[in-house]
Amino acid sequence: MRKYSVFAVAREALRGHTGWEPQWASPEPRKEYDVIIIGAGGHGLGTAYYLAKEHGITNIAVLEKGWLGGGNTGRNTTIIRSNYLYDESAALYNHALKLWDGLSQELNYNVMFSPRGVMMLAHNIHDMQGFKRTIHANRLNGVDNEWLTPEQAKEYCPPLDISRSARYPIVGAALQRKGGTARHDAVAWGYARGASDRGVHIIQNCEVTGIRRNPDGSVAGVETTRGPINAKKVGVVAAGHTSVVMQMADIRMPLLSFPLQAMVSEPVKPIFPCVVMSNTVHAYISQSDKGELVIGAGTDQYQSYSQTGGLHIITHTLDAICELFPMFTRMKMMRSWGGIVDVTPDRSPILAKTPVKGLYVNCGWGTGGFKATPGSAHVFAHTIARDEPHPINAPFTMERFRTGRLIDEAAAAAVAH
Amino acid sequence: MLLIHCPYCEEERPELEFRGAGDAHILRPTNIADISDEEFEAFFFLRDNVKGLVYERWRHIHGCGRFFNAARDTVSDKFVTTYKAGLPRPDLSPAPKATETTVETYEATEGVAG
Ligand SMILES: Cc1cc2nc3c(=O)[nH]c(=O)nc-3n(C[C@H](O)[C@H](O)[C@H](O)COP(=O)(O)OP(=O)(O)OC[C@H]3O[C@@H](n4cnc5c(N)ncnc54)[C@H](O)[C@@H]3O)c2cc1C
Ligand SMILES: [Zn+2]
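These protein sequences, in sequence, are chains A and B. Going by the UniProt record's numbering, the first residue of the first sequence is number 1, and it counts up by one from there. Going by the UniProt record's numbering, the first residue of the second sequence is number 1, and it counts up by one from there.
A couple of the hints might just be wrong.
As the list claims (entries may be wrong) - Per the computed footprint, the stretches of chain B lying under chain A, defined by three or more beta-carbons under 8 Å from a beta-carbon of chain A, are:
1. 11-21
2. 29-43
3. 51-59
4. 71-82
Stated by the list, open to error - Now the in silico label distances, taken between C-beta atoms and shown as ranges:
5. B:Ile35 x A:Arg212: 31 to 37 Å
6. A:Thr315 x B:His25: 39 to 45 Å
7. B:Phe44 x A:Ala25: 30 to 36 Å
8. B:Leu16 x A:Asn124: 54 to 60 Å
9. A:Thr209 x B:Glu12: 32 to 38 Å
10. B:Lys84 x A:Lys269: 53 to 59 Å
Because the hints were derived from the structure by calculation, they are not lab data. No residue lacks a Cβ here, since even glycine has one placed at the ideal position from N, Cα and C.
This is chain A alone, in the form it adopts within the complex (with noise of 0.2 Å):
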């Protein structure tokens, strides 16, 4: 693999950029891997990347049934936090945070992570005292996250309104100074190329259809699209799909899919410093480079697997966000699109063995996934490489629906992350 550099650009500036080379190889399938990853998104390709890296296991496919990164990694609004309640989740989303730092240059990729702050904005009492309990829960951990007055907010983010008159005042927000967002695409393109280089198939275009068993019950390989593959070790990381995935080795999973949608304006010059989400009004928003504002919106009622979502829903949003910040209302619309996310009852992630030998699951990361990706792929890699949980993902358990120590933050936030 060609290293990018300043003096790569100049190069291939200097001739007519005629020696890029691919950013990865596209294989055909061998007949068996030493490990199957189903799924080619951020956390998929990452697990691959690590496993390779740092487990020295190379012989491995990553299958993906339409094109990688075209899931919920290419559709998400990209915005990355670790201010969690709860132990487990801290430690799980700050490792996250702490290798989006320093992503860019360890896959020579540039993921455009850019820690601009994310400001969660408190519009009753009810909203302070559980920010207030989440920034001290948050220090105990070594969580960066710091409570700001309204005219600390509006100092930050200069175009909030902290009127008393506003639609929905603003009574104080919790910032993380630390959060903020990436190119989403690039994440899945620099895991990807990282993973390819150390001798990773990357395999597009192939949908996993079976899962095949030896007598014993333990895994074998997989039905594809492109016939069957061997392996003895295969882990799911199919998203909205889990379920339709688990089904084939007999497992019901506790999670429900729903569509979930998102939308970008026309590009303006920038306007908007960080990521503001206001959980009670519900609505997300921050610029991207290219200038669009990027709004998150709501998750429909209904499980689907229809990637559309109601129009509702996103009017719904837009109403908020036309009353958070009354200098957007005549900015127009240019795309809106959804993903299907999968939530666990408990809106924390599963990321273990499952009671299948050999068959490891990363998912239910719902509405909130995307923040998590190099900690969830690095814990997870460990997870198939040792046969055991790393620390940090034990406590992500299926079993813990079972025992009911569940890691609660539905309860902590009542919200889409």
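Since chain A is already given, all that's left is putting chain B with the ligands on it; use the hints.
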């Protein structure tokens, strides 16, 4: 937005009048204190999350206020039928086959967004 036929009002009304209430035909065990953790998990947390035909509960909360059941295809989001609460799951075999192509999405026609 979905258009939903309320079997009580016998009218097709916009989704905004309704509240989705999850899988239908899940019976709460009458001996809830005696069942095992596995049984409780299966009753309370595990779901089939079917890609295809699902049976689910809806409530016409801004209309007659009543709960009823529906059979819906989760790929096209089309309702196959709705029926009153308490009625058994209707036999819809041969089940409508869910195909990826039943819904024309932006992505299907224009490529990936965002
Ligand atoms: C609109 C929207 C906004 C969001 N906003 C945020 C946000 O601001 N911050 C945040 O942290 N998170 C956000 N999320 C959530 C985040 O996008 C996801 O949690 C994360 O990207 C999941 O990554 P993944 O790699 O697990 O899944 P994906 O990127 O979805 O990858 C899974 C892959 O598996 C493939 N697959 C499925 N079944 C099969 C099969 N049978 N065979 C082969 N391949 C298969 C799929 O095609 C897909 O490419 C948002 C999600 C959406 C939809
Ligand atoms: Zn009615």
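Here's how the hints hold up against the structure:
For the stretch 11-21 of chain B, the stated coverage by chain A is satisfied: 4 residues place a CB nearer than 8 Å to a CB of that chain, which reaches the threshold of 3. Given as covered by chain A, the stretch 29-43 of chain B passes the check, having 5 residues with a CB less than 8 Å from a CB of that chain where 3 are the minimum. With a cut-off of 8 Å between beta carbons, the stretch 51-59 of chain B has 3 residues touching chain A; three or more are needed, and the interface restraint holds. Counting residues of the stretch 71-82 of chain B whose beta-carbon sits less than 8 Å from any beta-carbon of chain A gives 5, enough to reach three: the coverage restraint holds.
Between Ile35 (chain B) and Arg212 (chain A) the Cβ separation comes to about 34 Å, which falls inside the hinted range of 31 to 37 Å. In this structure, Thr315 (chain A) and His25 (chain B) break the distance hint of 39 to 45 Å, their C-beta atoms being roughly 33 Å apart. At roughly 46 Å, the beta carbons of Phe44 (chain B) and Ala25 (chain A) sit outside the given window of 30 to 36 Å. A hinted range of 54 to 60 Å is violated for the C-beta pair Leu16 (chain B) and Asn124 (chain A), which are about 25 Å apart.
Restraint check, Thr209 (chain A) to Glu12 (chain B): a C-beta distance of roughly 37 Å satisfies the suggested window 32 to 38 Å. One distance hint, 53 to 59 Å for the beta-carbon pair Lys84 (chain B) and Lys269 (chain A), holds here, with the actual separation near 57 Å.
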